[in-house]
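*Asks:* Protein chains in written order, with this note's numbering: chain G, 4 to 303; chain Z, 232 to 617.
No lab work stands behind these hints: they were computed from the structure.
For each residue, glycine too, the CB sits at the ideal point set by N, CA and C.
Careful: at least some of the hints might be erroneous.
Incomplete in silico selection of chain Z near chain G, CB under 8 Å [as the list claims (entries may be wrong)]:
no.	residue
1	P326
2	Y327
3	M333
4	H343
5	G353
6	E559
7	W561
Residues of chain G placed beyond 10 Å of chain Z at every Cβ, according to the derived structure [said to hold, decoys possible]:
no.	residue
8	G62
9	T199
10	L200
11	A203
12	L207
13	G208
14	I218
15	D293
With the Cβ distance kept under 7 Å, some of the chain G side facing chain Z (calculated, not the full set) [to be verified]:
no.	residue
16	P50
17	E202
18	L205
19	C209
20	P210
21	E252
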Amino acid sequence: MARSLTKRLVSGVVPAVPFLWLVVLFLVPFLIVLKISLSDPVVAQPPYTPVFDWSDIGGFFGKLDLENFEMLVEDGIYLDATLSSVRIAGISTLLLLIVGFPIAYAMARAPVRHRPLLIALIILPFWTSFLIRIYAWVAILKPEGLLNQALMGIGLIHDPIIILNTEAAVYIGIVYAYLPFMVLPLYASLERMDNTLIEAALDLGCPPWRAFWAITVPLAMPGVIAGSLLCFIPAVGEFVIPDLLGGSETLMIGRQLWSEFFSNRDWPLASAVAILLLIILVVPIVIYRDVEARRLETQR
Amino acid sequence: MPPKTSSVGAVRRTFSPWSDPAAVPLIRFENVTKRFGDAVAVDNLSLNIYESEFFCLLGPSGCGKTTLMRMLAGFEEPTEGRITLAGQDLAGVPPYRRPANMMFQSYALFPHMSVEKNIAFGLKQDGLPKADIAARVDEMLRLVQLERLAKRYPDQLSGGQRQRVALARALAKRPKVLLLDEPLGALDKKLREETQFELMDIQHELGMTFVVVTHDQEEAMTMADRIAVMDHGRIAQVATPGEIYEQPKTRFIAEFVGDVNILEGKVIGQENGLWRVETAASPTPLTIDDPDEVLHAGQAVAIAIRPEKMVIRRGAAAPGTQNAVTGEVWDIGYLGDWTVYRVKLASGEILRVSRANASRFVENPIDWDEEVHLTFAPDAAVILAE
């Protein structure tokens, strides 16, 4: 009896742990941010009204409004920043795919005994702080930086190229920083692929490059989608890379959020931007789930 | 005494281009060697395979049979020697330009394509018109009886259905040669037996050359016109199933194909065209009718006798009976159709004797620990020179 009780307890508690985690660390903070986004800014501590008061619940809800969201729509800068973020994240994801696929493919084709080392090498950069690695790129990309010195040293160019504080620097930074998130899911799906499928394609008269497009790429699709989402989603909200490498010209929603929050101290507006960002990012996830569900459906 | 080769085994059909010196082989392996580093997978092997032949490469794992097939498909290149197909030297010809198609052991069906797309894949590579592709796919689906499953995906099929799709896909391009790598290995016993006959029917209907790699001797015996038994990268014997079974050239073949009892002995001499051989198993010399062997007195030989070619009985054989040995029943295995007796001789050797269970009830059957007498005819055994 005691055993079945323990069993029932375990089977009840175990699924509750992730739920509790999500409720405490995601749902509750989200509701707080949502509430702040519906409030008005004020120069006080905390910098928003109304503050929750048990004695006046009716008045509390009455004072909430959508003013901040109206502001987001009316002021063009938020829409521009959003579109610019999506564009930069989209181009970055494409670049990551182009760079990451050959790496993942080579890893999956490497002798089995070398693979753990290759995976370790891909993960190795995480041993150093993200922030420090991005700062290092400032030293590489600045006009008198390592890259320009090297290029001028070998006589390829005579004047330094301006890379730092341009969008190009942001792409370099994102591709560099996010590469493991693209390579690892791609590797996982390519490594699982049975090489005799390629042999079968060759045997049926399909030259290698065509077999790559007809067999390898479609079978790597789950990895392509997972890797793209893992890179696209955080890239849209990226703050550190555009702030350090992108200069003032690069418009991204993450930076906008930061300046509303810390420079303007307009917490309600910043919260509204955060909610907007969340909505933008929920869309691709829902689309992905929908596509995946339909794929599984047709295969059943 | 006339040679017995022609009367041996069941004759399936009168088809034997290999015994016609004028016949031109479709596939020729000429002194082919394949090395992987220091390991020799195929060792200076020569072999001819003829058009419309159902040819089996049989051998234990690691004997080089799969390497031989992969060289024919183009996935491996010979280290030395030459392979020709229909007169064309295959050296340097990539797999996608060879007129041979392969059915893989794992089937290697494309998981992201439906059954019909899988079958159409090879035809599409040839750039055939859409209508022709559709017609051929329909024809193939009918051939393997999968019309109703055309839209399914491989992971929605049973093992037997997948095997059929793999076969249809490999047949769709009507290759000169169809290569089958352990085609029935993943099927259960019942299905395997049915499929063996289906494969034979399909091969007969299409008149295509089939080359099958298998480690299952029963499968090879059932299906093949000829079998090449391979061992350590070399061919031990190429012959019809009947010859392989009844006239194995070496002890390895005798032991690998079917069950066999081996008695070691020494040749005494020849009497009336029959060999007299002295063994530990029998107090009197054994008499063996194997006129093809050229032996000399005192030579060490092995005598191979199949279990079903010996007679087991309780009473002693009449005096003067050739090849009679006495022993004790050590074990009895009842298999339904057959009963297998393991009989321990006075010399310590254990012989396997099998007897068909022709009637349902036997009064007073032979029991454990009983003394029994085994006899066999002089032509039931084969002499294998060591």
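*Asks:* It remains to establish, for every hint, whether it holds in the given structure.
*Replies:* Status of each hint after checking the structure:
no.	hint	in the structure
1	P326	holds, 4 Å
2	Y327	holds, 5 Å
3	M333	holds, 5 Å
4	H343	holds, 5 Å
5	G353	holds, 3 Å
6	E559	violated, 52 Å
7	W561	violated, 46 Å
8	G62	holds, 60 Å
9	T199	violated, 4 Å
10	L200	violated, 5 Å
11	A203	violated, 4 Å
12	L207	violated, 3 Å
13	G208	violated, 4 Å
14	I218	violated, 6 Å
15	D293	holds, 19 Å
16	P50	violated, 54 Å
17	E202	holds, 6 Å
18	L205	holds, 4 Å
19	C209	holds, 5 Å
20	P210	holds, 5 Å
21	E252	violated, 44 Å
In summary, the numbered hints that this structure violates are 6, 7, 9, 10, 11, 12, 13, 14, 16 and 21.
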